[in-house]
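One-letter residues, chain by chain:
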Amino acid sequence: MAYALQQLINGISLGMIYGLIAVGYTMVYGIIGMINFAHGDVFMIGAFIALIAILLLQLAGLMDGPAAILLVLALSMLFTSLYGWAVERVAYRPLRGSFRLAPLISAIGMSIVLQNYVQISQGARVKPLEPQLPGGFEILRDGHFVVQISAIQIAIILTTLTVLAVFTVLVTRTPLGRAMRACEQDRKMASLLGIDTDRTISLTFVIGAALAAVAGTMYLLRYGVIDFYIGFLAGVKAFTAAVLGGIGSLPGAVLGGLLIGLIETFWSAYFSVQYKDVAAFSILVLTLIFLPTGLLGRQEVEKV
Amino acid sequence: MFARRVFLGGALAAVAAGSARAQGTTGGATGPIRIATAGPMTGQYAAFGAQMKAGAEQAVTDINAGGGVLGRQLALEIGDDACDPRQAVSVANQLAGRGVRFVAGHFCSGSSIPASKVYGEEGVLQISPASTNPRFTDEGGWNTFRTCGRDDQQGQVAGKHIADNFKGQRVAILHDNSAYGKGLADETRKALNANGMQETLFAAYTPGERDYSAIVSRLQQANVQVVYIGGYHTESGLILRQAKERGMNVTLIGGDALVTNEFWQITGAAGEGTLMTFSSDPRKRPTAAEVVQRFRARNIDPEGYVLYTYAAIQIWADAARKINSLDPRRIAEALKAQGPWQTVLGPISFTPKGDVTVPDYVFYVWKNGSYSEI
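Residue numbers (the numbering used here), protein chains in the order written: chain A, 9 to 312; chain B, 5 to 378.
No lab work stands behind these hints, which were simulated from the structure alone. Hints are supplied without guarantee of correctness; some may be wrong.
[As the list claims (entries may be wrong)] Below, computed lysine-lysine pairings styled on DSS-like, alpha-carbon distance capped at 25 Å: (1) B:357 - B:288; (2) B:57 - A:135; (3) B:186 - B:357; (4) B:57 - B:171; (5) B:194 - B:357; (6) A:135 - B:371; (7) A:135 - B:248; (8) B:57 - B:248; (9) B:121 - B:340.
[To be verified] Just some of the chain B residues that point at chain A, by a computed CB distance under 8 Å: (10) 47; (11) 50; (12) 222; (13) 245; (14) 249; (15) 250; (16) 253; (17) 255.
Think of the CB as a built atom: it goes at the ideal place given N, C-alpha and C, for glycine as much as any other residue.
Extracted from the complex, chain A is given alone in its bound form (with noise of 0.2 Å):
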């Protein structure tokens, strides 16, 4: 019992990092219908991004407690920003009305461009960072095994979900959300009725990157090591959790990414810990059997 508390607690934090990338992939698909691949590689982006600030304030003397990790937040998500603004306007813009897949291949040419770009500037080695949030609370305690959940994994838990709650109110009740779900609707027609259609892209791909930013951000504080090659794996496995909660929808992709980090945190606990991807894959392929738009996708109308 005690074991399977702390597995699930395992599987939350994991499914929450996941969950927030997936948010990306999902809303671009939803306003564009492109999967961006660069989006993992964003990710990666933002964790330097997190760790470069954590060490310049390490270097001022102003490394300490909270308020330093919500500034080292806010400037990953600042500057991550940026970069998804950039990717968008250089690989994006200039391929839109083409067919539909210059732009997929264009995201994957940028994927390498971003890779390729951190390992050379700052080298291909792993960056460590000594735990900036250390301690836990013990919950329970069954004989030598203690049920424990440590204050990042809270952080994580909590950060993601203020951060889902903030930009689910953006995008149903503001006017620029209404603009992003009118361009998602019909683009053409949204522009027709005045809605600057690529300004409201550049911000899906603004907030799509600041999202990553602290999925980033969360990830080098509670690993403590990053390389260049971390958003490919990561950006897999949210991509998996967009398509198996429906691309396209936001709540459906932090239950795929829940759903991932629990099916993969669960199985490693109980059977063998190398086929855990194969589990996760395979309720993969057996949802979009069943389910083909995943599970909280909308059934697609097909426009005549």
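Assemble the complex: chain A is given as a structure, and chain B must be docked to it using the hints.
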């Protein structure tokens, strides 16, 4: 239009082939002799690539300063396989195509084994300074040698040490499913069982991930006190760090892939007391003293595989001088038949398979950010 494109493509290919041949001939009769070192220069295990590069560069500089080999200077090529078996094969083809006759590499066993087939066909001699998987020389052709030991030897030492020093404790064995990691874990398990101890858990993890909390919880559930990991330092370090963060009191035991200062950067204080098998410190051998000073003068710590790479190149150069030929096959025969070869590591002789005759694995312990022999 289509035909023209094909023609253009053909012309381009012909030009490319021509230039490759031109490069090949410069490696021929006169001009520098092309040799290479190949390993993970980028990626997760780039720390080891850097070690190999440092060792190879110093060896080539020293040999060239001493007049080169057979009166010709050496030119060093660096191959980057990122520890990826597929990339290793393409690097091997590339190096062979550039007229390289000898490769000191690769690092990861999973890379060395497939690359050795390419080298074998292309007539390239390969001496790996670090690939310890038995299959490398067991299945290897005429061209495979190594200056390090083998995992069956390493595993025997590790398994026996655990059985002797951690009697009655619960031991878990993990590996990363790589040729190196799994081979080492299997050999250690064999030796452990032969010495009358059973492991509590034997499992594989996925390398490249960061979240090992599920495995760590599983270790705690199984009440494990000793964890043996067949794998590289990044993952081993993360598993240990996450276990210590949970307040677990475990001893990590690993193989020779933990001999890099990067391990400590990842674990921090959590790495205290970690044990690993490696050959007795080559930096302290009298034969290495002079070379070690040269490294230190360049501000390089010749840790881990630096001197092993240096020795690999030294051996090749010595053999070539001795038989007065650069023919890789003849050098390979001489390496096995003649010897011992004087190197920075001390005298080295090879078995008919291409392994060193006297491997010497001992235990090291991590303390305060550095490792030392027990």
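Verification of the supplied hints:
no.: 1; hint: B:357 - B:288; result: violated (28 Å)
no.: 2; hint: B:57 - A:135; result: holds (20 Å)
no.: 3; hint: B:186 - B:357; result: holds (22 Å)
no.: 4; hint: B:57 - B:171; result: violated (41 Å)
no.: 5; hint: B:194 - B:357; result: holds (23 Å)
no.: 6; hint: A:135 - B:371; result: holds (21 Å)
no.: 7; hint: A:135 - B:248; result: holds (20 Å)
no.: 8; hint: B:57 - B:248; result: violated (34 Å)
no.: 9; hint: B:121 - B:340; result: holds (19 Å)
no.: 10; hint: 47; result: holds (6 Å)
no.: 11; hint: 50; result: holds (4 Å)
no.: 12; hint: 222; result: holds (6 Å)
no.: 13; hint: 245; result: holds (7 Å)
no.: 14; hint: 249; result: holds (6 Å)
no.: 15; hint: 250; result: holds (6 Å)
no.: 16; hint: 253; result: violated (10 Å)
no.: 17; hint: 255; result: violated (16 Å)
Of the numbered hints listed earlier, those contradicted by the structure are 1, 4, 8, 16 and 17.
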